[in-house]
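Enquirer: Sequence:
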Amino acid sequence: MERELAMEIVRVTEFAALKSATWMGRGDKMAADGAATEAMRKMFDTVSMDGTVVIGEGEMDEAPMLYIGERLGTGVHPAVDVAVDPIEGTDTVAAGQANSMAVVAIAPSGCLLHAPDMYMDKIAVGRNAKGRVSFRKSVRENLMAVAQANGKDIKDVVAVILDRDRHSKLIEEVRQAGARIKLIPNGDVAGALYTAFPDKGVDILLGSGGAPEGVLAACALKCLGGELLGRLLPENEEQRRRCEEMGITDVDHVLELDDLVRGDDAIFSATGITDGELLDGVRFLGNNRARTQTLVMRAKTGTVRFVEAFHNLNLKMGWEN
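Residues 1 to 321 (the working numbering) are what the sequence shown spells out, left to right.
By construction, these hints were calculated from the structure, which means they are not laboratory data. Hints may be right or wrong, so weigh each one.
[Unchecked claim] In the BS3-like style, the derived pairs of lysine-lysine whose C-alpha atoms are separated by at most 27 Å in a straight line are: (1) K300 with K130; (2) K155 with K130; (3) K182 with K155; (4) K152 with K169; (5) K130 with K182; (6) K42 with K130; (7) K137 with K182.
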């Protein structure tokens, strides 16, 4: 993929963030998500690529969401897989809380796992701990391995975990091991990203979250040199059949980074919607101007950029608000 695509994808996540931010704190998560989705679709229409959504928000009959199989872009080379999360944290935006983002990842066609919409057990770590963690190890053993890799005592290790009842046993195991915990209400893509930025104070992500978000996080960690391991958690036979329909024949197989994102040509972009620990949210500055902050990365070069942009909304295509 051409490097120019990275900045084109930034434009997509910026526009989605700008549109959804107008709904911040207004209590309507569907309106916020709809605004972000439609903004992404409009901006993708201008991108020179032949894209197919492999990670989206539903099936074709659930439109107007960006559905699995939808074609995006102008239809010219390159052919790419597209993973989207117009808002990571719709409840967060609706409540005006922190750490929501608009997220897109792309890779050459056939390189992104077609992950079904179900839970996935995940372990994510940064560069230093890559290759040190495993589902075969106990929680304590993984925490000890990460502590050693990062040159820390176990008491200084922080695990980020989604704050869900299903994680009560996991939380207790982490505490018994002597490590610390950062509970997050939503957004385990951001949680996985934290592990790759030492100044965020997080060493490992543990627990289950959405499988589609696992692929997005894997794209980001491939760019950052980290690692994500995944294990699908189908809850019934229908979900198992869904896995098989999407080409996953061994549901119990541990998915490594290269299973989730093949090759080294992924691009990842995330724009802050509300303020977070990684990105500033959208700022409306008055006189129909706004500021955004975006994280954009390429796995091929390992380049990580934070892009601060100032937008004249009067001149932005399709801004009518």
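Enquirer: Looking back at the numbered hints, which does the structure fail to meet, lowest number first?
Expert: 6
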